[in-house]
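**Student:** Build the complex from these two chains, which are given one at a time in their own frames, with help from the hints.
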Amino acid sequence: MNKKINFNAQVYSIKKNGILFIFILLCVFLSIITPGFLSWANILNILRQSSIIGVMAIGTTFVIIGAGFDISVGSLLALTAAMCVGLQNYMHWSLAILLVLMVGALVGLLNGFLAAKIHIPAIIATLGTMTIVRGLVYLYTGGYPLYVEAPDFAFIGNGYLGPIPFPVVILVIMVALWQFILVRTRFGRYACALGGNKEAVRLSGVKVDYYHILTFVVGGLMAAMAGIIYAARLLSVTPLAGQGYELDAIAATVIGGTSVSGGEGSVVRTLVGVLLLNIIANVFNLLGIHIYVQYVIKGAIILSAVGFDTYSKFRE
Amino acid sequence: MVGENGAGKSTLIKVLVGAYKRNSGEIYFNHQKAEFDSPAQAFQNGINVIYQENSLIPQLTVIQNIFLGTEYFTPFGLIDEKKIYQEYLYISKKLGFELPPHEEARNLGVAEQKLVEILKALIHKTKFIIMDEPTASLSKNEIEHLFRIISELKSNHISILYITHILGEVFRIADRITVLRDGKKIKTVFTKEVNRDEVITMMVGESLKNAYTSPPTTRGKKSQQPILKVENLQRKPRVNGVSFEAYPGEVLGITGLMGAGKTELSRLIFGADKLGGGQILVNDKPVRFHSPLDAVNQGISLVPEDRKKDALVLMLELYKNITLPTLAQFVNKGVISSGKEFDTTRQYIKKLDIKTSGVNQVVKYLSGGNQQKVAISKWLQTEPKVLILDEPTRGIDVNAKVEIYNIVGKLAESGVCVIFVSSEVSEVVKVSDRILVLSRGKISGEFKQGVSQEEIMRIILQADK
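Residue numbers (my numbering), protein chains in the order written: chain A, 1 to 316; chain B, 1 to 465.
The following block holds chain B by itself, in its conformation from the complex (with noise of 0.2 Å):
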């Protein structure tokens, strides 16, 4: 099932599910009439979902997390360990996972979080597994994994809906794609039949998309003068001694594999964590962060990695997002004037294509790209000199992502400094001047734009070795 961001298709599997109440129409499973009401009762009768976040019990091991619900009891009513464990071997054997059985979950990586995610998805024993996004923060390794274990679960009669945004997985895995637009069904078509580019138009409707052309090569360093400069910068485990320059006017684009350190590093550089060696400097002159505010203070500005826990107050309006860096512009004599703030807001909503039914919408029941939008209008309005942004199109459609690098391109251009944090190696490549390859935890690699993928990506893997 693909759809762009808002098409509707988490709200659907919620609905499919229980988790939502519908307000009409029927759902038959098996020939039958369903009535869930909650995803418990669906997961009893064979429906699971694996959802785009983790729900994983971090206090818990993966093997007790893996089998929550489903344990295997002694005559005595206590668990019996010793049969879950055999289970487990056999399971995890014969699908070739390798995951440390008595790990808690709170330790492992978000990749390894996911796998233990599916892995408990398919030892129940399901009939119809619903996958939602399943690769968002999957390695391509781990990826091809995937993919072979759904081939496997294929040939074992269970079927899976596939829920993505990456038009090649489709047309890698899937034997029939649904296409959802404006929360309707526009077309179900079999893969052999139909093309990317159709299956695009489905997506966005007749409207022609703007594509994403490459950076102009008028473009880059406005100034010979690093605006940031960053010397063996440090925090371990995660990031162990890195130092670059950032110029005015460039996008640097700072890649590498899950767990390589951007984000810590992003966090470094921002204050939000605090620095274990090294030395930031901005305009040349050494500074120190003891709080992200400090950090806003120089003109360095942060989109964290993730939206929903650490760039968005959800309850509240999208207005109060948008200004809560910036509020005390918008105070006159110790009162905020609202009017300046839905100006403001309206402005973004504006420049940004931002979708929404207006400034006093709950930021909460906007789709992920446009939560995204939201949540850099809010440093926008900073005016920042460095905007670091962490995976800023994880979890949005093509669309959105297209729109998001047109953003990009427009700050440099404007002078701004714009670091594109990304594991998505494409859409470093597409958008940068400059690209830095981070391998644990150092910089293991700089490129020039025009660079390959495959060159990149060689880098990555070496260093990982």
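In isolation and in its complexed conformation, chain A is listed as follows (with noise of 0.2 Å):
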């Protein structure tokens, strides 16, 4: 019996840190090989190519934890970030930002509600909310790239606070807030456990549909934050920005060992999951590997990782 125990807690936190494992494993062997990886230059662009997916992963971790699933963040990125160019004709940038960031949460609290409370499965009501978002989009435009010259924003995406980009200032802190609050707050706990067994929780007298709609407002408020980088990064916002984003947030998240079936995650891990995706496609650029190929790499990597976790519970 004690042997089995072991045994079991021997898998589970291989699968827990395995990631971190191949991540350095990676970066040993990519600073071998490419002459050009390890550099200063390099490390920051990649930190700063991972800030606005690593942002928006950050609210898919929360959604996948607690069993649900987003496909709207990509059209909701392009919201918030043609709102954020939109407005700033009409009001200073930081007001700006405030309006967009409720937008992201509202548009979280709606997929929510629509998950937990007229339970619609989470992946067609985000493909509803995402069609209708991305709609909004082109209304919002009207079909056109929209574009803001404003210094002061323009720091939040090209700025630097010593020598370290400000979106990956943004990024780190965000990770760091979101993490603590996985792990040692109480919408945290509750994320977990109603990802694993929600029933279970609402006879533990929690309030289960509230913290179930919380986690998608997280997925859309990191969402419309992300949208606010990639804007004060470009300066300008295209009907089409962040098409397919959503879908590199959520391979991030598994590939960071988050369950697919809700319960268990790390916004760490999380971050991992975009390093890794991004140091992967970093390298095939240096090495001249054509952007079909990489492709192809990158649903091998995304099969491998989840299939890894649910081949493993399977074997249980």
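No lab work stands behind these hints: they were computed from the structure. Check each hint, because a few of them may be wrong.
[What the hints assert, rightly or not] Stretch by stretch, here's where chain A covers chain B in the computed footprint (C-beta under 8 Å, at least three residues): (1) 287–297; (2) 303–313; (3) 316–325.
[As the list claims (entries may be wrong)] Pairwise CB distance ranges (calculated): (4) Ile33(A) <-> Arg22(B): 40 to 48 Å; (5) Tyr311(A) <-> Ile143(B): 35 to 43 Å; (6) Gly25(B) <-> Thr185(A): 42 to 50 Å.
[Said to hold, decoys possible] Sample of chain A residues with no beta-carbon within 12 Å of chain B, all distances over it, derived: (7) Leu20; (8) Leu30; (9) Leu47; (10) Gln49; (11) Ile120; (12) Leu286; (13) His290; (14) Tyr295.
C-beta: ideal position from N, C-alpha, C; glycine also.
**Tutor:** As structure tokens, then:
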């Protein structure tokens, strides 16, 4: 009996930390075969490239931990980025940011309501809102790219705090903050618990629907924050912005070991997932491998990561 | 095969049929070395397992479930419904089963579902049937029926490995008894050559086990004012107007057949389901429960019947399960103090003697009895005034049962009103100060402590006619 317990505990920790192990191995390996890889400029470049998907994936992690799914965040990024640019014609950029964050939270609230209260399967509910929100983007932009010129606002996407790009600062702070919330607050605990067994949590006297919806609100909020960084980085937004971002965010989350069926996961490991995907892309670019090939390999990575999780559970 | 919870019975079965991979050892079946990669393969070789949990497909009909995987086909490759039906009639007649063949499995009661599974095992030409606590959810009549079928199978040269906690059953039907303890075989004996006490000793080891003593006469109502009063509770079709009062410091037993509405009644009182009619009063004040949270706030707790589905988050650690209803107590300025959680969890591990590798153990890997203790612990932390236990000893071994009875006794002595819901009349009689009998969603009798099991059975059976 005891042996069995220990064995299971081991599997558990390999699964938990395996991704970190692979990540470090990969970095060591790459720094040997690719000369430019470990340069300060390249590292910062990778981090900055990771910031938008990274911030978005924090929200995705919460949603998936709660046994939900959110494919609307790519569209939501486009809407919030477009509004962030467009609204600056009427108000100060800081006010625009505030408003845009509220829009993100509101769409998340709608997603959560549809999933938790109306009981539409989350992937279908967010398929609906994804389509609606993308429509709103076209309506808002009229189908044309929007531009903005605001040096202060641009700092969010292009500035530096000392030697570190500001988007990276945001990413690191957000990861730390949300990891803390996940592990050390009631919301985080209940999110995991209800992802594991919602009925048991309800019968424990917890307002499960409230917390379930809240995971989606975090998803929307983080998508909006990613939208703001996006807008501030490019200072222009086309109606097609953010397409497929939701898939990258989901991929990073599951590569980071968050259980697809909910109940367990970690924001930090999601960040590792984002970095892993970006590093691979980065190296392929350095090696001059064609983007088409990169897609194939990215897909294979997603399948291996999730396959490892699901198959090890199955063998249990 | 007998053994306490955690003795390794279920694991052994799963290893045997290839559901789990074994670390070492060999399996011989029909004098041949057997190597099963999956239960399906074992099944094709003539080993069939009837598990504790139901494994029917809810959306399929009785007959579709029974013939799943062994359908007859017409020459055109279509399913030969006619032939299947004839085969079904033949076998169910032979064995004296009466099941609605075209009903969907999800509409059947638990006991009926179990019968379908047994029939499914029988219809496949199986040489060796493993039954893992098959009677856990069967009524007395159905158990008798099962035993008749087992002896018939025996006379047809089919071997049966019968796993159970209930020694009475073993002595009725088994030729040989194998006792497991701590993952090892203790002994295999001929049933004729041993008695009950000898087997119990083998199961529990040398240590003397604390037998449960009847409740002390000093126990009972601590107050003349009922802590809980329900008036004409209704939720069709299972609960049809139930009224009773429950007092602090008493164990109120509620018993009845499967499907009599016990679980539904428990859930109604706890606010888990919507009330169809009637009223709940706590301390003589009418209350309305919109969710379990409202009930918890009034001091009412429920340990549900289905541990895995309703009581525990299996993938989470022990301490996270125990602090689930009371997490607010462990939060300081919005931050959870894990140290406090660990302390509290350790208290319960000690107090209820939960066998675990530590506070961080994932609940999934605990045995049934220990899981039940976790489910109880999490409610004790809320300091409930009314604790409803729905079938708290289902699927757990004798020893853990006694421990649960003792916990119930202690709680009542400390002034908690314990509502002990169980279809095992023998245990209800043992632990309760007062007993209500539920039949078809109505109370059909009330008894004081000291009533005999037979008397209650008579009421149950009468009312059900």
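**Student:** Taking the hints in turn, state whether each one holds.
**Tutor:** Hint by hint, here is what the structure shows:
no. : hint                                : result
1   : 287–297                             : holds (count 6)
2   : 303–313                             : holds (count 6)
3   : 316–325                             : holds (count 4)
4   : Ile33(A) <-> Arg22(B): 40 to 48 Å   : holds, 42 Å
5   : Tyr311(A) <-> Ile143(B): 35 to 43 Å : holds, 40 Å
6   : Gly25(B) <-> Thr185(A): 42 to 50 Å  : holds, 47 Å
7   : Leu20                               : holds, 20 Å
8   : Leu30                               : holds, 34 Å
9   : Leu47                               : holds, 29 Å
10  : Gln49                               : holds, 33 Å
11  : Ile120                              : holds, 21 Å
12  : Leu286                              : holds, 40 Å
13  : His290                              : holds, 41 Å
14  : Tyr295                              : holds, 33 Å
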